[in-house]
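One letter stands for each residue in the lines below.
There are 2 protein chains.
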Amino acid sequence: MPPLVTRVFPIVTLVRDYNRVSFGNDVMAALIVTIMLIPQSLAYALLAGLPPEAGLYASIVPIMLYAVFGTSRALAVGPVAVVSLMTAAALADITDQGSMGYAVAALTLAGLSGGILLMMGVLRLGFIANFLSHPVIAGFITASGIIIAASQLKHILGIDAHGHTLLEIVVSLLAHLRETNLFTAAIGILGTAFLFWVRKGLKPLLTRLGIGGGLTGIAVKTGPVVVVVVSTLVVWGFGLAGQGVKIVGDVPQSLPPLTFPSLSPSLIGQLLLPAFLISIIGFVESISVAQTLAAKKRQRIDPDQELIGLGAANIGASLTGGFPVTGGFSRSVVNFDAGAETPAAGAFTALGLAFAALFLTPLIYFLPKATLAATIIVAVLSLVDFSILKRSWGYSKADFAAVLITILLTLGMGVEIGVSAGVGLSILLHLYKTSRPHIAEVGLVPGTEHFRNILRHKVQTDPSIVSLRVDESLYFANARFLEDKIHNRVANDPGIRHVILQCSAINDIDLSALESLEMINTRLREMEVQLHLSEVKGPVMDRLQKEHFLGDLTGQVFLSQFDAMHTLSSR
Amino acid sequence: MPPLVTRVFPIVTLVRDYNRVSFGNDVMAALIVTIMLIPQSLAYALLAGLPPEAGLYASIVPIMLYAVFGTSRALAVGPVAVVSLMTAAALADITDQGSMGYAVAALTLAGLSGGILLMMGVLRLGFIANFLSHPVIAGFITASGIIIAASQLKHILGIDAHGHTLLEIVVSLLAHLRETNLFTAAIGILGTAFLFWVRKGLKPLLTRLGIGGGLTGIAVKTGPVVVVVVSTLVVWGFGLAGQGVKIVGDVPQSLPPLTFPSLSPSLIGQLLLPAFLISIIGFVESISVAQTLAAKKRQRIDPDQELIGLGAANIGASLTGGFPVTGGFSRSVVNFDAGAETPAAGAFTALGLAFAALFLTPLIYFLPKATLAATIIVAVLSLVDFSILKRSWGYSKADFAAVLITILLTLGMGVEIGVSAGVGLSILLHLYKTSRPHIAEVGLVPGTEHFRNILRHKVQTDPSIVSLRVDESLYFANARFLEDKIHNRVANDPGIRHVILQCSAINDIDLSALESLEMINTRLREMEVQLHLSEVKGPVMDRLQKEHFLGDLTGQVFLSQFDAMHTLSSR
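Heads up: the sequence lines are chains X and C, in that order.
Take any residue in the first sequence, note its place counting from 1, add 13, and you have its number in my numbering.
Take any residue in the second sequence, note its place counting from 1, add 13, and you have its number in my numbering.
The hints are simulated quantities; they were obtained by calculation from the structure and are not laboratory data.
Some hints could be false.
Unchecked claim - For lysine to any residue, the following SDA-like pairs were computed, each having C-alpha atoms within a straight-line distance of at most 20 Å:
id, chain 1, residue 1, chain 2, residue 2
1, X, Lys309, C, Arg510
2, X, Lys550, C, Val472
3, X, Lys309, C, Ala504
4, X, Lys410, C, Pro552
5, X, Lys498, C, Thr305
6, C, Lys309, X, Asp565
Could you put together the complete structure from these sequences and hints?
As structure tokens, this is what we get:
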């Protein structure tokens with residue numbers, strides 16, 4: 014079999030090696046994941062502002078397409094909280110929730126996101142995701158979790174409220190607080206409390222009862238199913254829908270329909286940036302989960318192929334009544350813990366959900382929306398973690414600034430501005446840091462051949478020689494800084510005859526920096542000072558040799574700083 | 014005297030030490046610069062789309078304010094070619110040349126630019142200019158020179174033509190070519206040819222006649238004065254103004270007037286970005302000249318104080334009928350070569366120009382605009398230099414891409430888009446390069462304690478140990494790359510028990526990279542592989558010790574790679 018086939022369709026390798034044991038394990042995992050996914054899919058559709066069945070549809074075809082094109086064996090693809098929130102935020106600017114245009118815009122967003130992911134995969138542009146720094150992601154997820162939880166309070170209380178920033182949501186909630194429906198609030202608050210207890214209290218209880226390991230984790234994850242069943246029975250039994258409790262109501266019994274995204278250039282223009290942000294955020298979330306799970310079994314993930322897998326999944330979502338999807342953390346972990354061995358588990362999950370979409374939707378007619386909101390709130394509050402603020406404050410002020418701005422802008426101005434500002438700021442701070450590199454004046458540690466910072470160590474120096482070690486690659490942003498630094502050091506001290514640049518930490522010299530070095534060389538020559546280099550790395554030396562700089566150098570290139578000092582001191 | 018005073022007013026130090034010899038030298042330099050500046054100032058006003066007197070005004074008060082606040086002793090501030098072009102481009106979008114609003118917009122642009130420069134100086138933000146890489150500047154100046162020269166052809170031919178991109182200008186010129194005024198064309202072409210000869214032919218001639226050194230350079234620079242005088246006399250003597258030759262005409266005899274920039278928020282909003290670009294480009298041009306001249310006399314330039322000096326000069330220009338100014342290359346070099354010792358030379362130049370504005374303007378009534386265009390063309394074509402394309406191609410493809418895009422976009426879409434795209438692209442390319450750092454797998458050079466790339470050298474390795482040297486600081490953009498690299502290396506080779514990261518070239522580890530290292534450590538632990546570090550730099554170690562990573566590390570931190578190999582191999 015040619016390798017191209019196995020690269021584009023990683024599943025081929027797996028199909029060849031599939032056996033009965035793997036099949037059994039995959040079916041069992043799929044069953045558990047399906048039960049967990051039903052309420053989750055409905056809830057995330059609600060969060061994205063779409064009818065509940067869209068959540069089921071978004072989990073069926075995408076999961077199968079990912080199984081064919083993706084490289085992770087345990088990743089479960091479908092709607093996730095943050096991407097659903099971003100979908101709602103992107104569509105809010107376009108049209109009203111519930112309108113026909115809204116659903117089409119959601120399909121279009123999924124299609125665009127799929128196209129962007131596919132293109133990034135084919136062009137091997139996965140590295141773009143690396144510009145989302147970990148602190149920015151952590152800050153963004155935390156702020157998104159808060160916004161999502163706040164946005165669901167209206168369902169918990171049974172009132173109307175709108176808004177896409179924390180302030181808008183809170184103001185809107187307060188304005189409508191008097192309209193709270195007490196039955197809805199009772200279901201919502203009890204449901205939330207129960208789910209919190211399942212997360213925090215059930216596991217210790219089960220452990221005390223001697224039930225431990227993976228099974229405990231799965232029991233905890235099925236908590237939402239219990240709440241769904243109980244609250245549906247309560248609403249049905251006591252006729253609470255007549256008391257103003259909002260219910261899911263009629264959901265069509267159908268397999269995913271064949272749908273088409275809009276090709277309107279103006280709609281595509283409006284959705285392009287949100288689709289890009291959703292693609293990047295979704296990819297980052299997905300690849301982290303996939304790699305974490307793969308590492309546990311010493312398996313490999315190919316990030317560029319993952320882009321293609323996720324791209325195919327999103328295009329699938331756009332053609333089957335869905336909305337943007339990605340690899341989710343909790344569902345993938347459940348899948349893995351339940352023993353899924355191959356992507357076939359995903360395919361079986363899709364079958365389970367298709368069965369649910371066809372036959373089970375009448376059972377959720379009386380499911381209160383407050384219950385779905387409770388499952389969302391409990392799920393996302395586990396994402397909220399302000400410890401990144403404390404941690405980054407202690408480790409690096411630049412990282413702290415990036416986190417803080419990301420959190421504040423996400424809460425205050427919405428998800429798109431928040432994450433864009435975070436990325437922009439972290440790039441600027443990185444450039445700023447490298448534009449003012451650490452430059453140490455070094456001297457010889459007596460009795461050794463080592464050179465150390467004269468400010469930190471007792472070292473030998475020669476008044477006619479300045480030795481500088483630059484702890485950064487030289488490029489345009491710091492080239493002039495080095496010019497200034499050397500110029501000022503030499504202009505103030507007429508006794509200097511030699512400047513030695515110790516280049517051991519210089520991994521690259523770009524053309525700007527080369528021209529700065531030439532300028533430094535020329536200016537030093539005019540002050541009758543020689544410029545020398547020492548410990549230039551191989552690749553840097555290769556590049557310098559393409560130019561006339563080494564020929565023009567007033568001084569020499571030494572293999573080691575010790576050679577340089579030794580040679581120049583004895584003159 | 015408190016040091017603050019001498020820092021904010023660098024001139025104070027000079028005033029104390031001023032003497033008769035310096036005075037004589039400064040007056041002589043001022044005389045030469047004044048003669049050279051009169052045609053240049055008129056020409057750059059024409060280029061900026063303003064009446065000729067604006068060029069004189071822009072050279073008087075700004076030069077005096079720079080003398081008070083600036084740190085360079087020889088820098089001559091006033092209108093320069095590229096900034097004048099950028100002024101014309103910025104104002105073209107706002108209003109028509111010749112309208113009252115145009116002159117006010119020019120004052121406002123100067124005022125905004127002055128404010129931006131002052132603010133950058135006070136906040137010590139001069140480093141922002143460093144993000145203009147040398148290749149981007151070179152490409153931008155070359156493309157600007159071509160656009161300027163093309164834009165002046167209409168004056169040479171005596172026709173109407175408009176446009177701010179090369180294509181627009183050429184199309185417009187061709188459309189009006191039939192309207193060429195032959196008298197104007199004769200003056201323009203002869204003037205241009207003479208000035209080219211002065212540049213290329215006069216110097217060798219003078220040298221052959223035994224007249225050399227600085228004097229030759231000054232003679233060359235006064236070429237434009239000769240053309241101005243001769244062409245004015247010709248137009249006056251033969252009555253060519255009646256034959257359609259466009260002349261400068263009435264210029265008010267006046268000292269610079271007191272003027273005020275507009276405070277209209279919409280105008281300021283439109284001009285803010287162009288003002289920022291003009292400030293940055295002007296600052297970069299000015300500081301390069303200042304530092305080059307200062308180095309020749311072992312003097313110091315303070316970049317942040319330079320921002321304040323240029324800011325004051327531009328605010329002065331906006332209050333006295335001028336337009337954006339900066340330190341110019343040719344005028345500063347003439348000033349320096351003519352023996353200027355202190356900023357007093359600048360003040361004397363200002364007096365000379367004030368005298369010209371008051372008394373000499375009737376003499377230029379018959380000066381043809383074609384002559385001014387000829388001086389501009391000859392001046393800017395010396396800026397055009399495509400060798401940067403060849404040079405960057407040979408040295409670094411990333412630099413080449415940045416130059417090429419800058420030139421093409423500046424020519425094709427105008428100066429603002431050109432320079433912005435160049436800066437953006439060079440930042441992205443830098444980030445891309447550092448996001449895929451060179452990671453060498455290293456082994457021991459037999460008989461030494463040195464470790465080298467296993468692909469380049471014959472070295473000893475141990476099949477259970479992988480030693481990797483990362484030639485880049487670790488930060489968010491390359492953290493995941495390292496994760497993938499290590500994961501793939503280890504996942505493919507079940508015999509590996511130890512991974513050693515040789516950290517000698519790692520100058521910084523940000524929080525994202527730290528989290529990646531933690532992730533690598535965790536994943537390797539799950540594969541039963543230990544992670545070790547060697548040769549961690551002091552500042553990096555200081556930072557790592559603030560966190561629990563070193564405690565969680567499955568392996569050890571070794572002082573040297575040799576220690577690490579020695580210890581782990583013997584296990």
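A quick look at each hint next to the structure:
1. Lys309(X) / Arg510(C): holds, 16 Å
2. Lys550(X) / Val472(C): holds, 18 Å
3. Lys309(X) / Ala504(C): holds, 11 Å
4. Lys410(X) / Pro552(C): With a Cα-Cα distance of about 15 Å, the restraint between lysine 410(X) and proline 552(C) holds, given a limit of 20 Å.
5. Lys498(X) / Thr305(C): Since the Cα atoms of lysine 498(X) and threonine 305(C) sit roughly 15 Å apart, the hinted pair holds (cutoff 20 Å).
6. Lys309(C) / Asp565(X): It holds: about 18 Å lies between the C-alpha atoms, which stays within 20 Å.
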